[in-house]
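S.K.: Work out the full structure, taking the sequences as your base and the hints as a guide.
2 protein chains.
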Amino acid sequence: MEYRKIKDEDNDGGTLSNDIENLRGIGFSGVASVSNVPPREQAKWKRNRTVVTVALTFLTSSQAILIVWSKRAGKYEYSVTTANFLVETLKCALSLAALARIWKSEGVTEDNRLSTTLDEVIVYPIPALLYLVKNLLQYYIFAYVDAPGYQILKNLNIISTGVLYRIILKKKLSDIQWAAFILLCAGCTTAQLNSRSDHVLQTSLPGWIMAIVMALLSGFAGVYTEAIIKKRPSRNINVQNFWLYISGMAFNAIAILIQDFDAVMNKGFFHGYSIITTLMILNHALSGIAVSMVMKYADNIVKVYSTSVAMLLTAVVSVFLFGFNLTLAFFLGATVVSVSVYLHSAGKLQR
Amino acid sequence: MEYRKIKDEDNDGGTLSNDIENLRGIGFSGVASVSNVPPREQAKWKRNRTVVTVALTFLTSSQAILIVWSKRAGKYEYSVTTANFLVETLKCALSLAALARIWKSEGVTEDNRLSTTLDEVIVYPIPALLYLVKNLLQYYIFAYVDAPGYQILKNLNIISTGVLYRIILKKKLSDIQWAAFILLCAGCTTAQLNSRSDHVLQTSLPGWIMAIVMALLSGFAGVYTEAIIKKRPSRNINVQNFWLYISGMAFNAIAILIQDFDAVMNKGFFHGYSIITTLMILNHALSGIAVSMVMKYADNIVKVYSTSVAMLLTAVVSVFLFGFNLTLAFFLGATVVSVSVYLHSAGKLQR
Chain U
1 MEYRKIKDED
11 NDGGTLSNDI
21 ENLRGIGFSG
31 VASVSNVPPR
41 EQAKWKRNRT
51 VVTVALTFLT
61 SSQAILIVWS
71 KRAGKYEYSV
81 TTANFLVETL
91 KCALSLAALA
101 RIWKSEGVTE
111 DNRLSTTLDE
121 VIVYPIPALL
131 YLVKNLLQYY
141 IFAYVDAPGY
151 QILKNLNIIS
161 TGVLYRIILK
171 KKLSDIQWAA
181 FILLCAGCTT
191 AQLNSRSDHV
201 LQTSLPGWIM
211 AIVMALLSGF
221 AGVYTEAIIK
231 KRPSRNINVQ
241 NFWLYISGMA
251 FNAIAILIQD
261 FDAVMNKGFF
271 HGYSIITTLM
281 ILNHALSGIA
291 VSMVMKYADN
301 IVKVYSTSVA
311 MLLTAVVSVF
321 LFGFNLTLAF
331 FLGATVVSVS
341 VYLHSAGKLQ
351 R
Chain Z
352 MEYRKIKDED
362 NDGGTLSNDI
372 ENLRGIGFSG
382 VASVSNVPPR
392 EQAKWKRNRT
402 VVTVALTFLT
412 SSQAILIVWS
422 KRAGKYEYSV
432 TTANFLVETL
442 KCALSLAALA
452 RIWKSEGVTE
462 DNRLSTTLDE
472 VIVYPIPALL
482 YLVKNLLQYY
492 IFAYVDAPGY
502 QILKNLNIIS
512 TGVLYRIILK
522 KKLSDIQWAA
532 FILLCAGCTT
542 AQLNSRSDHV
552 LQTSLPGWIM
562 AIVMALLSGF
572 AGVYTEAIIK
582 KRPSRNINVQ
592 NFWLYISGMA
602 FNAIAILIQD
612 FDAVMNKGFF
622 HGYSIITTLM
632 ILNHALSGIA
642 VSMVMKYADN
652 IVKVYSTSVA
662 MLLTAVVSVF
672 LFGFNLTLAF
682 FLGATVVSVS
692 VYLHSAGKLQ
702 R
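Heads up: the protein sequence lines correspond to chains U and Z, in order.
For what it's worth, this note's numbering labels the leading residue of the first sequence as 1, then goes sequentially.
For what it's worth, this note's numbering labels the leading residue of the second sequence as 352, then goes sequentially.
Keep in mind the hints are simulated off the structure, nothing from the lab.
Careful: at least some of the hints might be erroneous.
Claimed, not checked - Here are a few chain U residues that sit away from chain Z, every Cβ distance over 12 Å (derived from the structure):
hint, residue
1, Gln42
2, Trp45
3, Val51
4, Thr53
5, Leu129
6, Phe142
7, Tyr144
8, Cys185
9, His199
10, Lys231
11, Pro233
12, Ala255
13, Met265
14, Ile281
15, Leu328
Stated by the list, open to error - As a list, the in silico BS3-like pairs of lysine-lysine whose alpha-carbon atoms are at most 27 Å apart:
hint, chain 1, residue 1, chain 2, residue 2
16, Z, Lys699, U, Lys171
17, U, Lys44, U, Lys172
18, Z, Lys699, U, Lys348
19, U, Lys348, Z, Lys523
20, Z, Lys521, Z, Lys395
21, U, Lys348, Z, Lys395
A virtual CB, placed ideally from N, CA and C, is assigned to each residue, including glycine.
M.R.: Set out below in structure tokens:
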């Protein structure tokens, strides 16, 4: 369960409620992009975009490696809710630390002040609700598909993110970029093929519907977060993150009370923690911040490419670390994903 | 053996020596294309191109279905050399019949007269030698790879054809079209994946070298044939075919004498023939003519796409005819091939 849970958060780009903000009155079509940024800032934004994309790729990749490592080391009986709470707390602390440095050097401005309006924070629960429904569905979908089948179906997230990105954020992809996006989905799925993958074809209609609904929920949550962050391009990302994560802390505190109150009371908050748990919490916190940064300086499409490439990197690194064997399907999938990355970039020139 | 042999001819686009003509003094870079055709002829050529491409796709597809059918019906003990000879003879007869009709309606002209120069026919044995070496290597490669592995490695033909098409015919593909060609190779291989495919990764260096040499020989023979046929765009294709196929008849007659002389003498020329054998010969003859036509009106790239799509069609039709199951790998491969076909066409606009 731990493995599946973390893998899933990984694909959603954050923990249960780490990417939440008030969306009311955002007016989706008016979402800002790099072109809305003052010219003198553009070079800095482009540099930031590269740095956060690379960081997200490596953090996601090392995240999956930590998962394999923890699985090898045996099962840890810690409370997942406490770990999630600590991830949110750490992200909050890091955002505040970054802000403190900025206040010291630049002073408090309209863009970097922490205070906000009720209007800005009041609809935080909406994306949290999306994630909640999706995570609930996750328990039910296993009545229809097995775990490897679920891993395969999760690649539908790629398509749903692309479609919702187009519909909700009203951003256009060229025809070549759409072709590249279909290839990304096919390539990732191919790379994950194993002898049991064919079972997914026997999935019944309710199973497919649930998988598609989950993909849409996941894609919508990602696109929603981007809309929230892009709404105020000049607003300091650390302030935006602080408000995203403080809400995450609240939701996870409630989750501890409901799910793990007895375990925490009897065995202590940190029961079952190990060095790997600590590393995973650190990694999840940094990955979560990287996801927010990618939403700020790039977009959901870049995020999807970044996590897909991370999946391939993980497999290659696992060969050296754990003696895994790469399959022919992996090489073929990796080739298709590589061509997709190229086409996404080549397709831009056509616009 | 029969299956493998016919499958292999299929990928080579013809039997042992059906695509042979004098190449001496052709000056590869000066190869003609549609643009060299007089303007009033261009519409006709484009129509022909569509017709022969569709014909090749359906003939190749039905060829593979005949192979499955013949395998189900049991093994046929006919001599492959006599069947190949009959294929060449039938192609010759069909070319002559088409010519007779043209002579009747248009009269004999410089372009459609059958007579040729020694200079034009003398180097016929060169591509025949290429096929001979390739077919010899085919027997040795099975010391290094198993049959499913060989099917996978044969997709290297796609890449070798693209590379030789570029180098020898000096025709350019756009970057998008190159990406599409890599995808075509990856997609075809993915569609053919099965539980034993991974063995191919254990292929030793000599096995890889042989596979690459075979792919180069096969690709070179195809590109060579295109160069021969395109050298004289105004020359009637039936005349070009006649000279291609008459040489094929001669080579196959020699093959009968060497390989199957005793069997033919003792059991008769047509021993072991059945209705399926007859249909296969008919199909191979028509496919062979379609390949020549595609070389005339289109090119090797179109031929590779055509036979790749045929492979996918065959699999789909086999579901209904033979109750085959399609794998997830097939759907993924078919998706990648479809996107590749789209990109090949979309990539043209960029030039």
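S.K.: Hints numbered earlier in the text: which of these fail when held up against the supplied structure?
M.R.: 8, 9, 15 and 21
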